[in-house]
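Whenever a hint applies, use it, and build me the whole structure from the sequences.
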Amino acid sequence: MRKVFVPASLDEVWRFFEDNPGATVYTGGTDLLVRMYKGALNPESLICLDRIKELKGVHDMGEEIRIGACSTHTEMLGDPLVSQHLPVLRRAIEVIGSPLIRNMGTIGGNICTASPAGDTLPPLYALQAEVELCSKMNVKRMPIRDFIGGPGSTCLRAAEIVSAVWVKKPVEYNLQHFEKVGQRNALACSVVSLAAVLRIAHDGVVEKAALAWGSVGPTVITCPEAEEALVGGPLSRIRVQVAASLARQAVRPISDIRGSEDYRRSVAGNLLMRLISAD
Amino acid sequence: MISRMLEIGYPQPRFDARSKVTGEEKYALDQCPESMLWAGAKRAGIPHGLIRKIDLSRARLLQGVHAVLTRADVPGTNRQGIVHKDQPVLAGHKVRHCGDPVVLVLAETRDILRTALNLIEVDIEPLPGVFDPEEALLPEAPLVHETGNLLRKAVIQTGNVSEAFQQCDVVVEDSFETASQEHAFLETENGLAWLEPDGRVVLIVSTQAPFRDRFEIGHALGLQPDMIRVIGPYLGGGFGGKNGATVQCLLVLAAMHAGNRPVKMWWEREESSTAGYKRHPVRMRYRLGAMNDGTLHALGCELFYDTGPYAHLGVEVMARGMEHAGGCYRIPNTFIEGRCVYTNNPISGAMRGFGVCQVSFGIEGMMDLMASRLGMSRLDIRLKNALRKGDRNCSGVTLVHSTGIVPCIESLGRHGLWTERGGWKAAAGPFKRRGIGIAAVSNAMGYGRGLQDSAIAKVELTWDGKIRVYNGVSDMGQGNSSAFVQIAGEVLRQDASRMELVQPDTDRTHPSGSSCAGRTTYTYGNALIKACEQLRDKLLHRAALMLSIDEPRGLALLPGRVRHLPSGREVPLELLGRFLPESDRIAVNQFVMPVSQDDINTGKEFKIGFPHVLFAYAAHLAYVEVDELTGKVEVKGYLAVTDGGRVINPSCFEQQVQGSVTQGIGYGLTEEVLVSEGKILNPNFTNYIIPTFLDIPEIASLPMESVEATGPFHMKGIGEVGTNGPLPAIAGAVEDAMGCRIRRSPITAESILHAMRNGRGAPR
Amino acid sequence: MKFSFYVNGQQTQVDVSPDRKFVDVLREDLGLTGTKEGCGAGECGACTILVEGLPRLSCLMTVAQLQGCHVTTVEGLVVEERLHPVQEAFVEHGAVQCGFCTPGVVLAAVDLLDRNPEPTREQIREGLSGNLCRCGGYAKIVDAVEAAGRKMREGTPQ
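Protein chains in written order, with this note's numbering: chain A, 1 to 279; chain B, 280 to 1043; chain C, 1044 to 1201.
One or more hints might be untrue.
[What the hints assert, rightly or not] Capping the alpha-carbon separation at 20 Å, the derived lysine to any residue pairs in SDA-like fashion look like this:
1. K56(A) with C1112(C)
2. K140(A) with L156(A)
3. K3(A) with C1112(C)
4. K38(A) with T394(B)
5. K809(B) with V781(B)
6. K1045(C) with P7(A)
7. K958(B) with S260(A)
8. K53(A) with H1113(C)
9. K3(A) with D1058(C)
10. K1045(C) with A8(A)
11. K3(A) with G1096(C)
12. K305(B) with G1074(C)
13. K745(B) with R787(B)
14. K432(B) with E616(B)
15. K53(A) with T1055(C)
16. K915(B) with K958(B)
17. K3(A) with F1048(C)
18. K3(A) with V1059(C)
19. K364(B) with D453(B)
20. K38(A) with E616(B)
21. K704(B) with E904(B)
22. K38(A) with K958(B)
23. K663(B) with E616(B)
24. K305(B) with D1072(C)
25. K305(B) with E977(B)
26. K56(A) with L41(A)
In short, the hints are calculated from the structure, not lab data.
See below:
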């Protein structure tokens, strides 16, 4: 019989890990339990973090925002800090799965699943978020881009959990944009997505830009060349087209049942064009 | 609360709505007796091969495994199939698609069942497979069956097509291809079966054809059909996918080895995809000729239906498709050639729109092409050629029944969505383009010639004075049984509180055919009216006896009672119920659907299912918006004008129209069973993309109420016709928006972006 | 292992494996077959239940997670034979076809109206977008939820 442990505190988690070092951690179960119940995964024991208060909630930490890893997507959508400071993340969360999935899935889960199509990942990359890792003896932070190694792969160690995500308040940006291309308008897995945060001066000149694409590489793709191409002038069609072609060179998509490599590459560039009409 | 009177033409709440909305209604899947065993199949997993060895030893040793069965345990022919008996219950020698079942396991729990299935090793020597219907016809193609890969070739022709094409002023040609579609009912294939002490087997199963199931099971397993009782509760969706044996034969085989315990079989979503039936993928080549004034003159058409490894209803599906290949137009000279071909792809079978969805994409695409070639409006060319009563259709059948396609198109043409389309189109936002498309479609009703399409209705005055309808034709969600209650209530003048309904049960109800082909309400409804009239006359006569009145004149059935109007004296139905012996409280009557009386000398290859004489019609209009950056298409508005004769229940009519359009939009934009070398790549709801609440626009539905003289209260079945319009209407709208025609379904974002980049309709 | 929780207000105990899928507990162990399962992957919403008032997918929960929780299934919406206004509106407005998605949609709609008593049609679509209806009855479901909202706001006694 497979053990399922539903602790109420982190201390209990560490104690359970001592007896069950191979335990698998989950919270919403929207990824792990699908695979387990379909027989694709056979964890020897499970820890459900759903009830640990320390892992929930969005907190204002001055220059930074700390999001508890077990905050559900629905909870984040209802949080004023997220709406005020992180609209690019909020927009990405709004289009995750469905309301039911958002009631269960968490930001920590989205990060640890490390899917190239993970919807929160491009905004978190664009905002240079850091992941807080916690084990019995240690708490440390690490840039998300270092934490995620490839599809389904992170540097999470045994008996360690992701406890929070830290995001610097993006005060230097005044335009936040997110778009996901899915095969339908709900319950869609991203085929290509783009998170963009920019600072645009009064005269329309782009002063700073951070761009990140989902589903066009083994992990989120960033492209400093495209960012540089946007900076220093207005969001004109011709300038954005230059950035778009640089982006198409930078992405490393694969072909799968949701879209071909070619389609993803084209659209990755095309999505930048939307910035022309975004405000 | 006063119970509503049941009257025809009113949007009565469905009779089954309350029990469904509370969760009380028991579907087959809800049968979970404590003592039950779980049955499941080990499937081939490869598309074509010879079974070398099956190792059952580890599964048999597993605790909780009750039985492990193979081909050797199957009595009877081991062949199932509705018309063509070519599908093994358990494959013994050869596997012909990935979903072929090879071993059947019975276990105490579902977990043990799953483990046991994983412990079975089936060693299959792979054979080269064939996955393309045209390649399957090449001489060197691997054979799916020893009899050859051509299941049926057929021709429908009228007039003289080669001469006719020479007479045409304009001839256009094009080819089209449609994808395979899943039924994707939420309740996957399942059932519960057990042996009775007297040796009979009982099934409670999610089925569209309980009566026919007995014969299919009996033939496959060597049982007398009367030894099989099939109970068919409400289905959690069917759409054609539960027409014909799914779990039935395996389940009865399991019950025969379950030691009188009930056995449940429930296909998981992925298994439903792998083993279940699909809509036929079809490849079409069209040639259409017209005169300069737009009069259609000649049609040439070549169709390839990929039926997968087994016929299921492949030949009949193709027959229906060929019959509709010329659409709802007057084309005096036709040559329509079809080939239904075996491959090692998943099994194709019946699905709502039964062969017609596919050719509607073809012929409507040709109509758009012809219109643009002639510089005519898409609406005008359709109106000019639309069939009228008395015309012959593309099979040469004379249309002697209600034929409402002209008023459907006219009504669409008057609708604001058509007349105001220009303004909407021009108002597209940045990076968006808008277009409008239309389609005129039809769908035949009933089995067609060669197989009597009949129903037997039974209605009873119960001993406590209720009216009980014994429905013999499954309700898969379309609401036919609710319509039956409404019909009986109308004829017998009762309200809903006095009605009872029995769902199909081969022991209690009468054979009334399968739930399909837009026939359920039409055929059974007609039988029911006759049975109810018989019961009414009987009740009036018996009431006259009780009131000592000389003759039943002046008597009226009222809710719960019979009143003698001149005197005001009444007999409660409860009293009549108790007064009459059971045999006298029952009326049974039957109805047979009319068939074409034309002696058409074509389509002789079809022994059954051709031709048809009764059709429902519809004119559809789609508003689409295409995103230039992603190619994504959204349907922003939709209108369906439907000729289903007189409407029995406007609410249920809309349900059918909106539902079929929704499935059609899925078929048009996202739904495709992706198959590579016979393996399904998207056997789940994550990757098989059906529309959600956010993908479907408001769907305006207008009835065009012709009078179908032969229909119950002058109605026709409209369960299918709505499925045929969306794909061609959307394709036309996309062409209107982008300047490029997509000839393969579904019309994905990627296909549009691809077409745009190939020079047509590049971003502005 | 033993687990106890409240189902529709009633304290309930089951003795099952801790990783047992909660929808199976409801349907097979407790006989509450109103909750359906359509895909086992969280994609269809047929298994929707309310846990502490919030819609959840019971096909993606282990029974252990429910220990001590308050669960509402579709069976719990009927009080003394009286339908919930949402159920009543589904009946009246033709929002039920095959009915297999219905219990899940009804529960999602109850929660939606709880949080937003006067939703627009677009908000209803968005709020129910985790529930698939293969019969394609979306428009009438939206009609029904709109009507239920109106009725609940007016507080009309049934």
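The hints, checked one at a time:
Taking the CA atoms of K56(A) and C1112(C), the gap is near 19 Å; set against the 20 Å cutoff, the hint holds. Taking the CA atoms of K140(A) and L156(A), the gap is near 12 Å; set against the 20 Å cutoff, the hint holds. The hinted pair formed by K3(A) and C1112(C) meets the criterion: a straight-line CA distance of about 19 Å does not exceed 20 Å. Straight-line distance between C-alpha atoms of K38(A) and T394(B) comes to about 12 Å, which keeps the hinted pair within the 20 Å bound.
Taking the CA atoms of K809(B) and V781(B), the gap is near 18 Å; set against the 20 Å cutoff, the hint holds. Under the criterion of a C-alpha separation no larger than 20 Å, the hint pairing K1045(C) with P7(A) is consistent with the structure, at around 17 Å. Taken as a hint, the K958(B) and S260(A) pair is honoured in the structure, with Cα atoms around 19 Å apart against an allowance of 20 Å. For the hint linking K53(A) to H1113(C), the alpha-carbon distance of about 19 Å falls within 20 Å, and the restraint holds.
Under the criterion of a C-alpha separation no larger than 20 Å, the hint pairing K3(A) with D1058(C) is consistent with the structure, at around 14 Å. Proximity of K1045(C) to A8(A) is assessed by CA-CA distance (about 19 Å); at most 20 Å being required, the pair is judged to hold. For the given pair, K3(A) sits about 27 Å from G1096(C) by alpha-carbon distance, which is inconsistent with the 20 Å threshold. For the proposed pair K305(B) and G1074(C), the alpha carbon gap of about 11 Å is at most 20 Å, so the pair holds.
Of the pairs offered as hints, the one joining K745(B) and R787(B) holds, with about 17 Å between alpha carbons and a cut-off of 20 Å not exceeded. The hinted pair formed by K432(B) and E616(B) meets the criterion: a straight-line CA distance of about 7 Å does not exceed 20 Å. At roughly 26 Å between alpha-carbon atoms, K53(A) and T1055(C) are farther apart than 20 Å, so this suggested pair is violated. Simply put, K915(B) and K958(B) have alpha-carbon atoms about 35 Å apart, too far for the 20 Å limit, and the pair is violated.
Of the supplied pair hints, the one linking K3(A) and F1048(C) holds, its CA atoms being roughly 18 Å apart against a limit of 20 Å. A hinted pair counts as satisfied when its Cα atoms are at most 20 Å apart, and K3(A) with V1059(C) qualifies at roughly 12 Å. Among the hinted pairs, K364(B) with D453(B) is inconsistent with the structure: their alpha-carbon atoms are about 36 Å apart, more than 20 Å. For the hint linking K38(A) to E616(B), the alpha-carbon distance of about 44 Å lies beyond 20 Å, and the restraint is violated.
In summary, the hint linking K704(B) to E904(B) is supported, as the alpha carbons are separated by about 9 Å, within the 20 Å threshold. A threshold of 20 Å between alpha carbons decides the hint, and for K38(A) with K958(B) the separation of about 18 Å falls inside it, so the pair holds. Under the criterion of a C-alpha separation no larger than 20 Å, the hint pairing K663(B) with E616(B) is inconsistent with the structure, at around 26 Å. Restraint check for K305(B) and D1072(C): satisfied, since their Cα atoms lie roughly 16 Å apart, inside the 20 Å limit.
Restraint check for K305(B) and E977(B): the C-alpha separation of about 32 Å exceeds 20 Å, so the hint is violated. Taking the CA atoms of K56(A) and L41(A), the gap is near 27 Å; set against the 20 Å cutoff, the hint is violated.
Figure legend: structure checked against the earlier numbered hints; hints not met, in rising order: 11, 15, 16, 19, 20, 23, 25 and 26.
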